[in-house]
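Given the coordinates of chain A, work out where chain B should sit on it, guided by the hints.
In case you want the letters, here they are:
Number of protein chains: 2
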Amino acid sequence: MKKSIGPKTLIYPNPVLLVGSYDEQNVPNLMAVSWGSICCSDPPCVAVSIRKARYTYNNIMQRKAFTVCIPSEKHVNVADYCGIYSGKQENKFARNNLTEVKSSVVDAPFADEFPVVLHCKLREINDLGVHTQFIGEILDVTVDEEILNEKGTPNIEKVLPIIYDYGTKTYYGIGQKLIDSFTNIKR
Amino acid sequence: MKKSIGPKTLIYPNPVLLVGSYDEQNVPNLMAVSWGSICCSDPPCVAVSIRKARYTYNNIMQRKAFTVCIPSEKHVNVADYCGIYSGKQENKFARNNLTEVKSSVVDAPFADEFPVVLHCKLREINDLGVHTQFIGEILDVTVDEEILNEKGTPNIEKVLPIIYDYGTKTYYGIGQKLIDSFTNIKR
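Here the protein sequences line up with chains A and B, keeping their order.
In this text, residue positions in the first sequence follow our numbering: the first is 1, and each later residue adds one.
In this text, residue positions in the second sequence follow our numbering: the first is 1, and each later residue adds one.
Just chain A, with the same shape it has in the complex (with noise of 0.2 Å):
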């Protein structure tokens, strides 16, 4: 028996995303996102929630683009820190001495130290009320080398990517290998 807890806004898993903009005096920002997944394959497009009083929204609103960083579990401070303080009062890659780098395709910054980077240019903008839906292109994505197995393809156990729980505000690593996609074709 299923017992009703009301309209939360639950999923599992949430990931943990870093979204990378400048703001108006190119200070790099990078704000934590835990709503934000693909949504198509052709554009190749990511989408993320953005409320309309982060630093951020406005930072994509004027630079029409947008970095979305992967963190491994050894960057879950810096994700956490990023989650809580805001570019408005600080440059939060200076404070957790992350490396800035400009983007080489969108007007966008990202921290070298993150494993995975998509690289997105503003492609639609969708007000769903309280947050906005950013949803970007995805022009490229550069990963770190060490990371790619033998197809060019990340391998999960070295991006090691972090898990949101939003139900109890934690954050979890993954876990083991369950078994290969299309493993179930029975007939």
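If you are wondering where the hints come from, they were derived from the structure by calculation, not from laboratory data.
Among the hints, erroneous ones may be present.
No distinction is drawn between identical chains; accordingly, a pair holds when it is met within one copy or between any pair of copies.
Result set (DSS-like, lysine-lysine): computed pairs, CA atoms no more than 25 Å apart in a straight line [to be verified]:
{"hint": "1", "residue 1": "K8", "residue 2": "K151"}
{"hint": "2", "residue 1": "K102", "residue 2": "K121"}
{"hint": "3", "residue 1": "K3", "residue 2": "K52"}
{"hint": "4", "residue 1": "K52", "residue 2": "K74"}
Frame of chain A; chain B shown alone:
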């Protein structure tokens, strides 16, 4: 030094979601979706990306409703199956011995075996290209009582959600808790 791997639709972690819908003959369907996330806090909304060719696409267009079921690790083979076969060919609930329950708040089914279910009324349709984003307003979330903690929030270690590694086409479980959030308040 980062290496470019082109505009791939990679993000970490991807969830494994099972979208429940009814077809014209009231046959319940479950589609595996890994491109989806919460996208607004107020109104509470979730977005799932679905190709036009999918059986679920017309189901949602007709019924203006869907569920988002969160499977546990133990359901990984069912989830994989739901990602391979189409509801055009068969009743996936029956084929997988799943208990069909009609949502009490929207015109869509869920399988009672899954620990968390979001009940969604279609709010917006966003045609992005190959994929269409269906944005559902979450009218209720129902959960198995035994996974709730003392505050009435799901315990992610009992939900045991599945991660889909799109790059290598494999499924993973969640791992260990890393830290609580808001532990990096330094001032």
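(request) Measure nothing new, just compare the shortest in-copy and cross-copy C-alpha distances for K3 and K52 to 25 Å and report within, between, both or neither. (result) neither (33 Å within a copy, 33 Å between copies)
(request) Pop the pair K52 and K74 into one bin, within, between, both or neither, using alpha-carbon distances up to 25 Å. (result) Classified as neither; 30 Å inside a copy, 39 Å across copies.
(message) At most 25 Å between alpha carbons: which applies to K8 and K151, within, between, both or neither?
(response) between (40 Å within a copy, 14 Å between copies)
(request) If the cutoff is 25 Å on CA atoms, where do K102 and K121 land: within, between, both or neither? Let me know, please. (result) Classified as within; 14 Å inside a copy, 41 Å across copies.
The structure fails to meet hints 3 and 4 from the earlier list, while all remaining hints are met.
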